[in-house]
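S.K.: If you want the building blocks of each chain, they are given just below.
Number of protein chains: 2
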Amino acid sequence: MFLNDTLALWSAVSTPPLLATVAAEYSPIILSGVLLTLVTIFIASKIGSEVAKQLDFPPVLGELVAGVIVGVSALHLVIFPEGGLAATDSLLMTALQALNQLSPEGIETVFESQSEVISVLAELGVIILLFEIGLESDLRQLKEVGIQAIVVACVGVAAPFAAGTAGLMLVFHVAAIPAIFAGAALTATSIGITSKVLSELGQLKSKEGQIIVGAAVIDDVLGIIVLAVVASLAKTGEIDVTNVIYLIVSATVFLIGSILLGGFFNKAFTSIVAKLKTRGNIIIPAFIFAFFMAFLGNAIHLEAILGAFAAGLVLDESDARDELDELIKPIADLLVPIFFVTVGARADLGVLNPTVPENRAGLLIAVFLVVVAVIGKLVTGWAVFGIPGVNRWAIGVGMIPRGEVGLVFAGIGAASGILDKPLQVSIIIMVILTTFVAPPFLRVAFGESVETAPPIESTSE
Amino acid sequence: MFLNDTLALWSAVSTPPLLATVAAEYSPIILSGVLLTLVTIFIASKIGSEVAKQLDFPPVLGELVAGVIVGVSALHLVIFPEGGLAATDSLLMTALQALNQLSPEGIETVFESQSEVISVLAELGVIILLFEIGLESDLRQLKEVGIQAIVVACVGVAAPFAAGTAGLMLVFHVAAIPAIFAGAALTATSIGITSKVLSELGQLKSKEGQIIVGAAVIDDVLGIIVLAVVASLAKTGEIDVTNVIYLIVSATVFLIGSILLGGFFNKAFTSIVAKLKTRGNIIIPAFIFAFFMAFLGNAIHLEAILGAFAAGLVLDESDARDELDELIKPIADLLVPIFFVTVGARADLGVLNPTVPENRAGLLIAVFLVVVAVIGKLVTGWAVFGIPGVNRWAIGVGMIPRGEVGLVFAGIGAASGILDKPLQVSIIIMVILTTFVAPPFLRVAFGESVETAPPIESTSE
Chain A
250 MFLNDTLALW
260 SAVSTPPLLA
270 TVAAEYSPII
280 LSGVLLTLVT
290 IFIASKIGSE
300 VAKQLDFPPV
310 LGELVAGVIV
320 GVSALHLVIF
330 PEGGLAATDS
340 LLMTALQALN
350 QLSPEGIETV
360 FESQSEVISV
370 LAELGVIILL
380 FEIGLESDLR
390 QLKEVGIQAI
400 VVACVGVAAP
410 FAAGTAGLML
420 VFHVAAIPAI
430 FAGAALTATS
440 IGITSKVLSE
450 LGQLKSKEGQ
460 IIVGAAVIDD
470 VLGIIVLAVV
480 ASLAKTGEID
490 VTNVIYLIVS
500 ATVFLIGSIL
510 LGGFFNKAFT
520 SIVAKLKTRG
530 NIIIPAFIFA
540 FFMAFLGNAI
550 HLEAILGAFA
560 AGLVLDESDA
570 RDELDELIKP
580 IADLLVPIFF
590 VTVGARADLG
600 VLNPTVPENR
610 AGLLIAVFLV
620 VVAVIGKLVT
630 GWAVFGIPGV
640 NRWAIGVGMI
650 PRGEVGLVFA
660 GIGAASGILD
670 KPLQVSIIIM
680 VILTTFVAPP
690 FLRVAFGESV
700 ETAPPIESTS
710 E
Chain B
250 MFLNDTLALW
260 SAVSTPPLLA
270 TVAAEYSPII
280 LSGVLLTLVT
290 IFIASKIGSE
300 VAKQLDFPPV
310 LGELVAGVIV
320 GVSALHLVIF
330 PEGGLAATDS
340 LLMTALQALN
350 QLSPEGIETV
360 FESQSEVISV
370 LAELGVIILL
380 FEIGLESDLR
390 QLKEVGIQAI
400 VVACVGVAAP
410 FAAGTAGLML
420 VFHVAAIPAI
430 FAGAALTATS
440 IGITSKVLSE
450 LGQLKSKEGQ
460 IIVGAAVIDD
470 VLGIIVLAVV
480 ASLAKTGEID
490 VTNVIYLIVS
500 ATVFLIGSIL
510 LGGFFNKAFT
520 SIVAKLKTRG
530 NIIIPAFIFA
540 FFMAFLGNAI
550 HLEAILGAFA
560 AGLVLDESDA
570 RDELDELIKP
580 IADLLVPIFF
590 VTVGARADLG
600 VLNPTVPENR
610 AGLLIAVFLV
620 VVAVIGKLVT
630 GWAVFGIPGV
640 NRWAIGVGMI
650 PRGEVGLVFA
660 GIGAASGILD
670 KPLQVSIIIM
680 VILTTFVAPP
690 FLRVAFGESV
700 ETAPPIESTS
710 E
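In order, the protein sequences belong to chains A and B.
Residues 250 to 710 in my numbering are what the first sequence spells out, letter by letter.
Residues 250 to 710 in my numbering are what the second sequence spells out, letter by letter.
It is worth saying that the hints were derived from the structure and are not from the lab.
Where a beta carbon is used, it is the ideal one built from N, C-alpha and C, also for glycine.
Since no wrong hints were added, every one of them can be taken at face value.
Each pair of labels, with its calculated beta carbon distance range:
# : chain 1 : residue 1 : chain 2 : residue 2 : range
1 : A       : 568       : B       : 572       : 17 to 27 Å
2 : B       : 616       : A       : 571       : 48 to 58 Å
3 : B       : 526       : A       : 324       : 19 to 29 Å
4 : B       : 526       : A       : 689       : 16 to 26 Å
5 : A       : 353       : B       : 352       : 23 to 33 Å
6 : A       : 509       : B       : 517       : 45 to 55 Å
One chain only, chain A, in its complex shape (with noise of 0.2 Å):
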């Protein structure tokens, strides 16, 4: 309603009509749509986040949950125009129509528009959540923790993606995009997740927690260039070393030429912040830079998400940084729940009832991806070398929940079809599990003694 609310106006007044849409006509009731759809989405962000935090699972799980739980597979509130679904499977669309006296098509129209303008918010929500991680990111910290967290990073991205895949080739017969996809969906570790728990056991700064943030640092760096490696790959329905040598040297080029440049782009952007002096001075030149960075990332054919990471990189080193940090934190707690509960909702869980038969494999493949995401990653744990008396079961744990990262390759699944369903929801099922698990096996590899640790307070979720 408002501008577009008006729009609805053409009819009643005696103005030659200028609209070149049919879509225009309805924008009032596309805008009432998105509203619905959005409180809809925080109301289950915001009780799936709470309940978890009260079990002491990550929030996010929470909101995937609740995504779960509104959307396709059960509630029938907020669902996408994928798979054939239609506006009356929609509770919100029906109730739309009923309140503004739609036709059939008009209510496809106004169905198809909104979810729409929903995906784009999803898509901007996980461009400044990866900017955000970006940020969090510490490039010095990694030169500290050095060789060590470098080591577990590649062994933890590198078994799990080679069992992985070759055990779905091999074991389920599962064609090589798909089971290259998947893999690669087992490989990044969640930075928000992991220093979370970290910090909650009060082990952020031990030589384990030490290596552990470092590794995950790493691993989100890796596991992006993989997602951009993957994606792009699919895209030509065939492996293609040339391409991919392409991508790799690209994404590094990319991620590594913005850092390189980082000081040019630290000092512009901060001298430029200095100078502005209206309001959202640190926070436009911010977004001017990671939207940018984002469209540049989809330009050279790698993603959105690896420019947005980059442009945080970068941004990390600026004298405006902590200012940067409590601004981004409202936009982000606004935007990145409508990516996660969207992913949540588009995942149908249907397709792992087990009294159907054709599901059966995808629950054989969850248990599969599952037992490989944990060994994978907890072989990390004997990769390190040189630190006498190091807990090799705490790092490997450490390693486990994997998140946001894995999270992203589920919602590319679900939204691209490269993932049949069982596989997709294989995958949303693996990360829930993996990070379900790492809080109390945590608190079993750091022994008895952390459960009367202080909580050391953490911003990141």
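With chain A's structure known, arrange chain B on it following the hints.
M.R.: Relative to chain A, chain B alone:
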């Protein structure tokens, strides 16, 4: 690119296509378009607001003028498919088409979808702006300045509305609906601009300053009721007294009801916020409330912004208010400029070219509107009674700047066609000029002494 990027993978993978819409095929390019347009809007808004600040004008005017420059009047970077404009008219779309080798039909689909997304973002921006204005408005302050502010506000609404509407109908032979709409656009004083200018003059806490701010707050409410009444009026195409009464009653009941129930909402909000322990514990409940009230405002045939404003007024009383004020700022800083820049971008200043004979009426109207707008507010100073020695000139001049709500009217006019183009642009020129003249006039009205007064820090534009 990202979630939707991979929607384009449909063609590359061997699963059956599940997409319901043609638009989804172009989703990655739609996101590219949205990112590029947002970057353009942000750059324009920042340059505009900084230049305005340098020249001692309110930053919001700079954003509007910058919008005019990037919009349909000049650079053709940010345009909308109204008035028969196509993707080929947009420089950004032409660049996207070349970059992605799109067909002419493809780029039109992208143009229409990304315009829809930008329009919704602009609408969310103005919803958030009015929510913020509601939060900034202070019911208790109103009670202190009391009857004086109410009289000034009522005279300041009635005088320019009556003179403007009557003049347009009698002198310029404008039809009733657009004349009433344009007259209504003359009513609302900009609380943001007014309080900012007063604070810069160090007069925010003076007797005159308190009356001006109090009256501006009431004006804001009256202006929004007038907006709702006029917009709803226009839907029926004629003046329906029953409808007007219904709207005045429902607007009043909605606002007063929200405020009376405010105590309940406040307690509920405060206790919910206190119980929440995850990120977004304040901002998400606040936006659930604001967006739901916006939806409700529309559902009872008022406006979304009225609901958002009421939500702001209610939460203004909340214990969490100071924190909420801080958290909403970066969100508003990011989304509100999208509204102002697109309002400017939609305004086709070409119709004011005096060498085109049919444009001359528009210029005459603009001169008339400016004169009525200034005189209609100046007289309010003489409506003040019972305060000996009050600076009547200062109060009258302080009520002159229009700003937000005036631009909202212009935006509705631009989007809806209730106002023909000369009338739309005349309103924008009226808003620009009244806001431009206020700061220097106020300085003169308060006398030379205030020029040396230290400015009080104000967070409002």
